[in-house]
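2 protein chains.
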Amino acid sequence: MKDLKIIRKEIEVVDKELIKLFNERMELIAQLNKENVEDEKREEELIHKNLSLVNKEYVSYYFDFYNNLFNLSKEYQKKKKGL
Amino acid sequence: MKDLKIIRKEIEVVDKELIKLFNERMELIAQLNKENVEDEKREEELIHKNLSLVNKEYVSYYFDFYNNLFNLSKEYQKKKKGL
Numbered sequence: 001m002k003d004l005k006i007i008r009k010e011i012e013v014v015d016k017e018l019i020k021l022f023n024e025r026m027e028l029i030a031q032l033n034k035e036n037v038e039d040e041k042r043e044e045e046l047i048h049k050n051l052s053l054v055n056k057e058y059v060s061y062y063f064d065f066y067n068n069l070f071n072l073s074k075e076y077q078k079k080k081k082g083l
Numbered sequence: 001m002k003d004l005k006i007i008r009k010e011i012e013v014v015d016k017e018l019i020k021l022f023n024e025r026m027e028l029i030a031q032l033n034k035e036n037v038e039d040e041k042r043e044e045e046l047i048h049k050n051l052s053l054v055n056k057e058y059v060s061y062y063f064d065f066y067n068n069l070f071n072l073s074k075e076y077q078k079k080k081k082g083l
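The listed protein sequences derive, respectively, from chains F and S.
Note that the working numbering numbers the first sequence so that position 77 is 77, with each residue one more than the last.
Note that the working numbering numbers the second sequence so that position 71 is 71, with each residue one more than the last.
Be careful, since some hints might not be right.
Given that identical chains are not distinguished, each listed pair holds provided it fits within a single copy or across any two copies.
The calculated lysine to aspartate or glutamate pairs, modelled on EDC-like cross-linking and capped at a C-alpha distance of 20 Å, are [claimed, not checked]: (1) K49 <-> D15; (2) K74 <-> D64; (3) K56 <-> E27; (4) K74 <-> E27; (5) K9 <-> E44; (6) K20 <-> E57; (7) K2 <-> E12; (8) K20 <-> E10.
Simulated from the structure, these hints should not be mistaken for laboratory data.
One chain only, chain F, in its complex shape (with noise of 0.2 Å):
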């Protein structure tokens, strides 16, 4: 069993990468336009598509992890574009 400090290390390691991405994410959604706000056909889309690179134990959480970033990029998509 590896040491606590050394596993919460890590967690810290994953989360500032996972900020970084987080952030290029949102400069993207920044991006489209008015016209392109994402919607639930594509949203379904994206989440089954990549439903292959998520280890199976995990697969009812990450619908969750997700879903939720969806939800906050539209939410972003629309304060910034006004609607």
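We have chain F already, so just place chain S on it with the hints.
Coordinates of chain S only, in the frame set by chain F:
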């Protein structure tokens, strides 16, 4: 303005990286002992520790993103440890 297809392609690349990190984070969570279930104090610490890494425009969305990630990590951890 970048072409819609290019932006969407870039979002897909970011998402693949996000999923990779999501898997890694869940694997680390699974390594924590029953005694080390992440508590709210530690959550607060981590959220604020990384706040400086977040683009100011996305701060409220970051809280949403991170709180969701914490909640699903805890759910997984509880399930894994039979809590």
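Now the hints, each set against the structure:
1. K49 <-> D15: between (24 Å within a copy, 11 Å between copies)
2. K74 <-> D64: Both: 15 Å inside a copy, 13 Å across copies.
3. K56 <-> E27: between (30 Å within a copy, 12 Å between copies)
4. K74 <-> E27: within (13 Å within a copy, 29 Å between copies)
5. K9 <-> E44: Answer is between: at 16 Å across copies they meet the 20 Å cutoff, but 34 Å inside does not.
6. K20 <-> E57: between (25 Å within a copy, 14 Å between copies)
7. K2 <-> E12: Classified as within; 15 Å inside a copy, 34 Å across copies.
8. K20 <-> E10: both (16 Å within a copy, 14 Å between copies)
Consistency with the previously given hints is maintained throughout, with no hint failing.
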